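Number of protein chains: 2
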Amino acid sequence: MHFNVIARVLGILLMLFSLTTLPPLLVSMWYADGATQAFASALLLTFGIGFISWLPVRHVRHELRTRDGFIITVLFWLVLAFSGTFPFMLAENPGLSFTDAFFESLSGWTTTGATVMTGLDHLPQSILWYRQQLQWLGGMGIIVLAVAVLPMLGIGGMQLFRAEIPGPMKDSKLTPRITETAKALWYIYLMLTIACAVGYWLAGMSVFDAIGHSFSTVAIGGFSTHDASLGYFDSAAIEMIAVFFMLVSSLNFGLHFYAWRNRSLAHFIRDSELKFFFMVIGGGILLTIPALYLTNTYSWQESVRYGIFELVTVATTTGFSTADFSLWPVFLPVLLFMMAFIGGCAGSTGGGMKVIRIMLIYKQGIREIHRLIHPNAIIPVKVGKRPVSERVLEAVWGFFAVYVLTYMVMMLALLATGLDHVTAFSAVGACLNNLGPGLGEVASHYGNISDTAKWILSLTMLLGRLEIFTLLVLVSPAFWRS
Amino acid sequence: MHFNVIARVLGILLMLFSLTTLPPLLVSMWYADGATQAFASALLLTFGIGFISWLPVRHVRHELRTRDGFIITVLFWLVLAFSGTFPFMLAENPGLSFTDAFFESLSGWTTTGATVMTGLDHLPQSILWYRQQLQWLGGMGIIVLAVAVLPMLGIGGMQLFRAEIPGPMKDSKLTPRITETAKALWYIYLMLTIACAVGYWLAGMSVFDAIGHSFSTVAIGGFSTHDASLGYFDSAAIEMIAVFFMLVSSLNFGLHFYAWRNRSLAHFIRDSELKFFFMVIGGGILLTIPALYLTNTYSWQESVRYGIFELVTVATTTGFSTADFSLWPVFLPVLLFMMAFIGGCAGSTGGGMKVIRIMLIYKQGIREIHRLIHPNAIIPVKVGKRPVSERVLEAVWGFFAVYVLTYMVMMLALLATGLDHVTAFSAVGACLNNLGPGLGEVASHYGNISDTAKWILSLTMLLGRLEIFTLLVLVSPAFWRS
Ligand SMILES: [K+]
Ligand SMILES: [K+]
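From first to last, the protein sequence lines stand for chains A and B. Note that my numbering gives residue 363 to position 363 of the first sequence, counting from 1, and the numbers run on in steps of one. With positions in the second sequence counted from 1, the corresponding number in my numbering is that position plus 482.
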């Protein structure tokens with residue numbers, strides 16, 4: 001381990017991140033909303049901490065190795081979540097406690113979108129902007145993480161993309177190519193954000209709301225500037241724009257990269273993960289709409305409108321809302337909630353287990369049945385037309401098992417804090433899948449649960465975003481031994 | 483497929499099974515409890531149906547193949563569960579509906595132990611005997627299924643035992659050796675039952691209760707002749723005897739077979755599944771007892787007594803009770819319930835996913851972490867000192883994935899019937915793991931849920947007992963095509 005280099009990297013990161021408090025600072029001055037000084041202090045604090053961590057080791061140079069990659073990746077999120085707490089604590093409104101501020105900040109960075117805040121409509125504009133911007137920046141980090149870093153670290157079968165998917169990264173060393181790739185990906189991400197914001201604005205949102213919601217839409221984040229979330233606008237046009245950009249942002253950004261570089265949509269059509277994703281979403285919609293109508297929950301038109309929106313926002317793990325799906329009848333709350341376990345495609349800003357993994361697990365289930373019928377046949381599992389290596393399949397299974405185990409451990413921990421069964425079950429799901437809203441007590445916000453529960457769920461969000469193994473490796477004795 | 487042979491086998495089976503109504507018939511005459519005629523009619527009906535199915539095809543001979551094995555295995559349980567309904571429907575008390583009788587009968591045969599009945603203490607003795615006996619016979623069937631049939635069919639990685647465990651069956655054809663093996667296994671099973679019954683009797687049970695409870699103990703069944711289950715006796719001695727025999731019956735009967743043939747306990751000590759099993763049980767006990775005491779639920783002595791008993795009865799998937807664990811504080815109900823997912827060892831009468839599978843999944847999880855640290859190392863997964871083949875590991879993963887999927891589908895189906903979240907979640911778990919009691923509305927019995935829910939849960943019990951794939955293969959188009 002090269003702790004000097006790690007300190008240098010994180011120091012630079014913090015100094016850079018301190019600059020991101022400038023936009024909310026300007027918003028605060030513009031609206032004169034009383035939070036200007038909080039943002040100025042946050043800027044100085046963050047820059048100062050970064051500077052102190054960078055100064056003594058600024059000349060150290062070492063080639064970073066995979067092992068350092070794990071540590072930097074985990075610290076990246078922790079350090080940014082920590083420094084992200086300053087404005088929430090320093091501003092008089094909301095003036096959060098450290099626990100609440102950390103939860104909110106990490107929830108933003110990981111694009112989970114679980115919130116401890118209520119009364120959003122009465123917060124300073126700058127704080128609202130800042131929350132939305134946290135998710136947007138987090139989304140950027142996630143794309144680089146998902147497209148470049150995790151595949152390189154070999155987490156949970158994601159090395160699949162290095163060899164088998166036309167992604168931008170086929171290299172296994174932490175080289176300057178990350179910077180190059182990152183630039184291209186961020187450019188795409190920025191374009192999507194602008195397109196989404198313009199769409200919202202044309203559909204009737206204010207400029208402030210349009211930008212804010214475009215941030216949390218392309219980041220699959222789900223934060224909103226209103227307590228009623230997107231339901232505040234009560235506009236079918238805005239909802240359809242949101243549905244479109246949520247779906248686009250749930251696709252592998254490697255595909256967007258390819259399309260942008262080759263000026264061609266051909267790869268979208270050939271991608272089997274994408275096909276599976278749309279089949280799952282389509283299937284979910286076809287179950288939801290009739291169930292809403294037949295239980296007399298809504299009229300036909302409303303069933304279509306609310307059904308599509310809620311299914312897409314939950315299944316993509318965005319977590320906006322126009323209706324409280326946790327109150328929908330019979331199996332619908334649980335069905336929608338289960339869809340979030342599938343989540344977005346690999347290499348997207350979405351959460352969950354990722355479509356490609358579910359697809360591989362499904363294909364192996366089918367293969368097992370065929371093997372029972374033809375015990376001696378050799379049946380490869382394929383993505384598109386290429387067989388997937390056993391190594392990748394094992395990594396996917398390992399991921400699946402650890403996901404289930406993490407779920408159970410976290411749920412038991414929450415139950416130990418005194419939460420009820422439904423709340424504990426859904427809070428873990430909402431955080432591990434980086435979805436945001438749960439069922440029961442955490443259907444609309446996380447303000448009423450204990451501090452202990454908030455810390456457990458903070459850990460859960462981080463585990464979900466880092467695909468568990470990145471964090472798990474760090475606590476394994478073998479990692480520190482060798 | 484050789485439907486003639488299948489009809490002949492099932493016909494013989496029914497004629498044989500009809501004889502098992504003789505003991506309850508005698509019990510009924512002895513106690514003059516009014517159910518004599520019901521059992522006589524059941525005997526004739528069952529024998530008659532068997533005879534009619536056997537007569538036209540009695541001379542047909544064909545070598546049975548693996549494919550026929552799937553069909554016979556599934557029909558075996560369905561046909562026996564069906565014919566097991568007669569006494570429940572024909573006897574004036576309880577005089578169950580067909581749905582209830584089928585649920586109760588299947589619950590007996592699969593040794594699930596979920597019951598729709600209340601007021602057990604007021605039922606005819608013969609009906610009580612009959613229920614206990616159903617579980618005992620079911621347990622016999624399960625041992626043959628688990629030790630001989632499923633490994634041969636290659637279900638869920640259980641072929642492991644053919645090659646790698648010193649089991650009695652290493653052959654892959656449906657030969658007369660099954661009969662031989664079955665005889666030895668049943669002999670062991672009978673000895674265990676007798677030992678258990680004598681133990682109960684010495685500890686103070688009546689002869690009737692001792693035999694009845696020994697039936698459901700060694701079968702890991704959990705039916706009782708009293709509404710209060712084993713709690714009726716309020717005897718620490720009886721509970722410790724039950725704990726001992728539940729643990730013994732949760733071990734691989736292949737090990738018992740080996741010990742009996744070689745007059746040696748050496749294999750018990752070397753078996754790594756057994757070690758893992760006791761570690762899991764021990765760990766569960768070490769969590770349960772302090773949690774009971776520290777939450778002021780019981781005194782120290784009671785915490786130890788109820789903690790050990792309830793943990794063992796739930797973790798082995800027996801489902802007796804001396805205390806209502808579903809009312810225990812914080813995480814305990816869910817913790818105990820989760821233990822049932824692990825269940826007994828492969829080749830036992832226990833339910834759940836089986837210890838060996840969980841052990842293999844755990845070992846692979848550890849391997850994944852090591853692989854992330856040493857990407858190029860070759861790390862085999864071992865049981866004892868032998869590496870496990872990738873083929874077996876894949877089958878185990880396939881099983882795990884299908885288990886989770888089945889769970890979700892069945893839970894959604896139950897929610898659609900209007901059950902609440904906790905009841906649906908736990909009812910599926912209790913039936914899929916062949917445990918019996920659940921949480922919420924089904925904590926003590928299943929009498930209050932709808933008929934539709936009972937049928938869904940009947941299917942779930944059968945799926946659990948047949949390790950899902952046996953049934954899943956039958957509904958796959960590929961099975962019928964080739
Ligand atoms: K989200
Ligand atoms: K049971």
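Simulated from the structure, these hints should not be mistaken for laboratory data. All values reported here derive from a predicted model rather than from experimental measurement. Certain hints may be false.
[Stated by the list, open to error] Restraint-style ranges between C-beta atoms, simulated for each label pair: (1) A:HIS122 with B:LEU809: 41 to 51 Å; (2) B:PRO538 with A:ARG386: 21 to 31 Å; (3) A:THR66 with B:ALA719: 55 to 65 Å.
[Unchecked claim] Computed list of lysine-lysine pairs in DSS-like fashion (alpha-carbon distance at most 30 Å, straight line): (4) B:LYS867 with B:LYS845; (5) B:LYS757 with A:LYS363; (6) B:LYS845 with A:LYS382.
Ideal placement from N, C-alpha and C gives every residue a C-beta, glycine not left out.
Going down the list of hints, with the structure as the test:
1. A:HIS122 with B:LEU809: 41 to 51 Å: holds, 43 Å
2. B:PRO538 with A:ARG386: 21 to 31 Å: For PRO538 of chain B and ARG386 of chain A the Cβ distance comes to about 53 Å; the hint is violated.
3. A:THR66 with B:ALA719: 55 to 65 Å: Given range 55 to 65 Å: holds, Cβ gap about 59 Å.
4. B:LYS867 with B:LYS845: holds, 13 Å
5. B:LYS757 with A:LYS363: Roughly 34 Å between the alpha carbons, so the hint for LYS757 of chain B and LYS363 of chain A is violated.
6. B:LYS845 with A:LYS382: holds, 26 Å
When the structure is compared with the earlier hints, violations turn up for hints 2, 5 and for no others.
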